[in-house]
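K.L.:
With chain A fixed as given, assemble chains B and C with the ligands onto it according to the hints.
First to last, the sequence lines map onto chains A, B and C.
Letter by letter, the first sequence follows residues 412 to 668 of the numbering used here.
Letter by letter, the second sequence follows residues 15 to 393 of the numbering used here.
Letter by letter, the third sequence follows residues 250 to 430 of the numbering used here.
No lab work stands behind these hints, which were simulated from the structure alone.
One should not assume that every hint holds.
[Said to hold, decoys possible] Restraint ranges, calculated between C-beta atoms of paired labels, are given here: (1) B:Glu239 x C:Ile253: 32 to 38 Å; (2) B:Asp229 x A:Arg421: 25 to 31 Å; (3) B:Glu19 x A:Leu448: 43 to 49 Å; (4) B:Arg338 x C:Glu308: 31 to 37 Å.
[Claimed, not checked] When the alpha-carbon atoms are kept at most 20 Å apart in a straight line, the in silico PhoX-like pairs for lysine-lysine are as follows: (5) B:Lys242 x A:Lys454; (6) B:Lys363 x B:Lys345; (7) A:Lys454 x B:Lys217; (8) A:Lys640 x A:Lys570; (9) A:Lys425 x B:Lys363.
[Said to hold, decoys possible] Heads up, incomplete: computed chain B residues facing chain A, CB under 7 Å, no partners named: (10) Gly45; (11) Gly153; (12) Leu244; (13) Asn278.
Just so it is clear, CB atoms sit at the ideal spot from N, CA and C, and this is done for glycine as well.
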Amino acid sequence: MAGDVEEYLRPGVKTPFCPGCADRILVRLILRAIAELKIDIDKMLFVSGIGCAAWIPSPHFNADTLHTLHGRAIAFATGAKLFNPELITMVVSGDGDLAAIGGNHLIHAARRNTDLTVICVNNMVYGMTGGQVSPATPMGIFTSTTVEGNRERPFDLCKLVAAAGAEYVARYSVGQPSPLVSSIKKGIETSGFSFIEVISPCHIQFGRRNRLDTAAETLKFFAGKCLMKDEAEGLSPEELGDKIITGEFSNGRDQAD
Amino acid sequence: MAWKEVRSALPPGNYYYSGNEAAAEGAIAAGCRYYGGYPITPSSEIMEWIAVRFREVGGVFIQMEDEIASLSSVIGASWAGAKAMTATSGPGFSLMQEGIGYAAMTETPIVIVDIQRAGPATGQATRVGGGDIMQAKWGSQGDYPVIAISPWSVQEMYDQTINAFNLAERYRVPVILLAEQAVGHLRERMDVREKIAIFNRRKEKGAAPFGGGDDGVPPMPAFGEGEKLLVTGSSHDDYGLRKVADPLVQARLTARLHNKIVNNREEIIEYEDYYAEDADVIVIAYGFTARSSLFAVERLRREGKKVGMIKLKTIWPFADTLTRDVGSRAKKIFVPEMNRGQIAGEIMKYTCCDIIPYNQTDGEIIHPTTIMGELRRLL
Amino acid sequence: MGEIKQIRLCGLGGQGIVLGGTILGHAGINDGKWVAGSSSYGAEARGSACRSEVIISDEPIIFPHVTRPDILIAMSQEAYDKYIKDMGRDEETVIYDEQMVCTKEISGLRQLGFPAGNVATKELENKLVANVVILGIVAEVTRIVSQDALLSAIEKNVPERFKALNLRAAELGLALGRAKK
Ligand SMILES: Cc1ncc(C[n+]2csc(CCOP(=O)(O)OP(=O)(O)O)c2C)c(N)n1
Ligand SMILES: [Mg+2]
Numbered sequence: 412m413a414g415d416v417e418e419y420l421r422p423g424v425k426t427p428f429c430p431g432c433a434d435r436i437l438v439r440l441i442l443r444a445i446a447e448l449k450i451d452i453d454k455m456l457f458v459s460g461i462g463c464a465a466w467i468p469s470p471h472f473n474a475d476t477l478h479t480l481h482g483r484a485i486a487f488a489t490g491a492k493l494f495n496p497e498l499i500t501m502v503v504s505g506d507g508d509l510a511a512i513g514g515n516h517l518i519h520a521a522r523r524n525t526d527l528t529v530i531c532v533n534n535m536v537y538g539m540t541g542g543q544v545s546p547a548t549p550m551g552i553f554t555s556t557t558v559e560g561n562r563e564r565p566f567d568l569c570k571l572v573a574a575a576g577a578e579y580v581a582r583y584s585v586g587q588p589s590p591l592v593s594s595i596k597k598g599i600e601t602s603g604f605s606f607i608e609v610i611s612p613c614h615i616q617f618g619r620r621n622r623l624d625t626a627a628e629t630l631k632f633f634a635g636k637c638l639m640k641d642e643a644e645g646l647s648p649e650e651l652g653d654k655i656i657t658g659e660f661s662n663g664r665d666q667a668d
Numbered sequence: 015m016a017w018k019e020v021r022s023a024l025p026p027g028n029y030y031y032s033g034n035e036a037a038a039e040g041a042i043a044a045g046c047r048y049y050g051g052y053p054i055t056p057s058s059e060i061m062e063w064i065a066v067r068f069r070e071v072g073g074v075f076i077q078m079e080d081e082i083a084s085l086s087s088v089i090g091a092s093w094a095g096a097k098a099m100t101a102t103s104g105p106g107f108s109l110m111q112e113g114i115g116y117a118a119m120t121e122t123p124i125v126i127v128d129i130q131r132a133g134p135a136t137g138q139a140t141r142v143g144g145g146d147i148m149q150a151k152w153g154s155q156g157d158y159p160v161i162a163i164s165p166w167s168v169q170e171m172y173d174q175t176i177n178a179f180n181l182a183e184r185y186r187v188p189v190i191l192l193a194e195q196a197v198g199h200l201r202e203r204m205d206v207r208e209k210i211a212i213f214n215r216r217k218e219k220g221a222a223p224f225g226g227g228d229d230g231v232p233p234m235p236a237f238g239e240g241e242k243l244l245v246t247g248s249s250h251d252d253y254g255l256r257k258v259a260d261p262l263v264q265a266r267l268t269a270r271l272h273n274k275i276v277n278n279r280e281e282i283i284e285y286e287d288y289y290a291e292d293a294d295v296i297v298i299a300y301g302f303t304a305r306s307s308l309f310a311v312e313r314l315r316r317e318g319k320k321v322g323m324i325k326l327k328t329i330w331p332f333a334d335t336l337t338r339d340v341g342s343r344a345k346k347i348f349v350p351e352m353n354r355g356q357i358a359g360e361i362m363k364y365t366c367c368d369i370i371p372y373n374q375t376d377g378e379i380i381h382p383t384t385i386m387g388e389l390r391r392l393l
Numbered sequence: 250m251g252e253i254k255q256i257r258l259c260g261l262g263g264q265g266i267v268l269g270g271t272i273l274g275h276a277g278i279n280d281g282k283w284v285a286g287s288s289s290y291g292a293e294a295r296g297s298a299c300r301s302e303v304i305i306s307d308e309p310i311i312f313p314h315v316t317r318p319d320i321l322i323a324m325s326q327e328a329y330d331k332y333i334k335d336m337g338r339d340e341e342t343v344i345y346d347e348q349m350v351c352t353k354e355i356s357g358l359r360q361l362g363f364p365a366g367n368v369a370t371k372e373l374e375n376k377l378v379a380n381v382v383i384l385g386i387v388a389e390v391t392r393i394v395s396q397d398a399l400l401s402a403i404e405k406n407v408p409e410r411f412k413a414l415n416l417r418a419a420e421l422g423l424a425l426g427r428a429k430k
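Extracted from the complex, chain A is given alone in its bound form (with noise of 0.2 Å):
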């Protein structure tokens, strides 16, 4: 029956994700999305790259799937969807997937507009290798190879992603499942290049090395940095701070702001 996320999860997988991952609560999230368009998840195709993230949808949904090499989902996907513009695709890998060894296929795919929809899943770590820095962890935070906390700028990955030409960008989090769900369907619904990163903290391997001990720590850490875009108009930079703002920074033809 279309509308029921069970249907859609692939039968008898044991999950390999963590205790309180968020990236648990991903897999229904992207799922919930597709049940409520009512699309046949036979007609989809999930495309993954390597990383905890790139498990979301390998093996977990019962649907075509590609897990394919470390940064690369994005290009595998590119020829998928080329050869069969039917298969209606899906990206879903972690953001040092996507933001460092694949970051060139992410920026071209988004200028050439390719009818993808990819979900960045963002725990601003390598969380599979032991969570090492990645292109968005934020400054001054710990992780096994910053060990006296980051000193490189992260990446705006909506703004790199936007700024490179895609059609729909966004940014949620996991504690914002229904915004959330409904970017994620208006991505499926876009014909061009779609991007969604998706707040999915790991607890293991950023809360542990930033005193955030539990996943509801982690999670509850993460849901106090997120703000709308419209809460955060007209606040100043210092009221900013180290906020993570939520919301769509390109819709359709809008230009990203």
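P.N.:
Below, chains B and C with the ligands without anything else, positioned relative to chain A:
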């Protein structure tokens, strides 16, 4: 069987094509309808030819942002049901290695044309080389099977590209056309027959897409057919389910990947024998060098010298049985190569016969007079 | 044994040497022959030495590069000086553009000069088709390819909008060749 006869894409007749153009036409004839590429000398003419011709035959062409992306997109297209290929040269071939390993692991039929130029690194972009032989076999991590073919003429660029697609589809394996600049840029007469035989990947609804059949080659469904495929470069069971710590799964998969090529090698390997029957000195050569060698061998035969030649058409899997047999008959084996002895070393694995390598890496082809001179000293 | 003719065209980049070789080779194919052709350029496309070689044979060609040219077509002095050394026996022919090349006396070698560039500039107002004028001359003087084969090869290898011009250039070349015989 999934063999069938089809009409050639080009009207039958004689054409005057470059090797690169012939490879592009061979691909089209074989049914290739997806090409992702990135410009590099001396292979770019293949991409440019495809860009024009795909508009006529209805294929999907895209110039990607680099060679990693090119090959990745080709693999994605292959799973979407396409016969897909890319072409490149040295530096780009290096970037494609991770994709080659992935295609081998996921048993994805793809064709890569490598127009070898003088290396290493950027080397001499317009000059000839033959240094990618071992890279084609061992370039990606973890020990995997590939098929590599070495064409010596424009005709073979056409015929062997068709063959490359047939082998890729038949064995679900990456196939590399290891050509050289001297063949890619050579113009020659190319004969197009009315009909060609092509093999299309076997399909079987519901069958395990990574299970292997009698011959170790499983059927291959495409995305969008409702098979709910799990395709992964991680180790996996017969249905593609990731099994990243199970020794049995790992052992079975790697053995099958290897065996589906090695156990079928008699069917895969092609070579040609020129005067080798009663020869004391046998030249083993491939690609352009085999033409120089044959020219030299025929001259010497006319003088009554007992020389012969084996031309390797298939490089990988290597012709081990043939090499053993040649080694048991010949007094000496002469191996001229445009590298530092890559195939000579391979030959030494299979025979104790006296092997004399000749290695030229100056960006020029090995001339028949050079080979003649070397052979005279051996006779 | 069937006949094998080895032809070397040489000149400067930008003179259409490579295209000339391709057309000549294609003409050989049109005549039902076996053909092999290859070219090499200097580092830059324009103004540097450029060479194109064609072998036309009644049988399949084993080694596809020119080993001993039977015919040398020279369109620049530098190229002539460089490649004339490989010539010098009977039954070989050198065809050159007389405005571009001063020849050396070599006994027994047939060297024929023609005003190819001049004719292209004066009669066709386009010196770029001197290469095709020369091909007309070569076809007429050496008979390595037939007239029809040459004309149809030109049609297949030049862009539509230059077809008439190039066919005219070939006709002028054929006429020049006829006049000299
Ligand atoms: C070419 C290559 N380099 C490195 C790795 C190791 N590796 C696996 S996952 C990963 C990082 C994943 O980080 P991210 O994409 O953010 O995903 P997460 O695990 O955080 O969800 C790395 C570096 C690899 N698999 N391939
Ligand atoms: Mg991450």
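K.L.:
None of the hints should be skipped; say for each whether it holds.
P.N.:
Outcome of the hint check:
1. One distance hint, 32 to 38 Å for the beta-carbon pair B:Glu239 and C:Ile253, is violated here, with the actual separation near 55 Å.
2. Distance hint check for B:Asp229 and A:Arg421: the Cβ-Cβ separation is about 29 Å, which falls inside the suggested range of 25 to 31 Å.
3. Between B:Glu19 and A:Leu448 the beta carbon distance is about 45 Å. The supplied range of 43 to 49 Å therefore holds.
4. A hinted range of 31 to 37 Å for the beta carbons of B:Arg338 and C:Glu308 is consistent with their spacing of about 34 Å.
5. For a cut-off of 20 Å, the pair hint linking B:Lys242 to A:Lys454 stands: about 10 Å separates their Cα positions.
6. Note on B:Lys363 and B:Lys345: the hinted pairing holds, with a Cα-Cα distance of about 17 Å set against a maximum of 20 Å.
7. A C-alpha spacing of about 19 Å is found between A:Lys454 and B:Lys217, which places the hinted pair at or below 20 Å, so the restraint holds.
8. Annotation: proposed proximity of A:Lys640 to A:Lys570 holds, straight-line Cα distance about 14 Å (limit 20 Å).
9. Taken as a hint, the A:Lys425 and B:Lys363 pair is broken in the structure, with Cα atoms around 47 Å apart against an allowance of 20 Å.
10. Of the supplied interface hints, the one on B:Gly45 is violated, with its beta-carbon coming no nearer than about 13 Å to a beta-carbon of chain A, more than 7 Å.
11. Interface restraint check: B:Gly153 against chain A, minimum CB-CB distance 14 Å, threshold 7 Å, status violated.
12. Evaluation of the B:Leu244 hint against chain A yields a held restraint, the C-beta minimum of about 6 Å falling below 7 Å.
13. A distance limit of 7 Å between C-beta atoms decides the matter here; for B:Asn278 the minimum to chain A is near 27 Å, and the interface restraint is violated.
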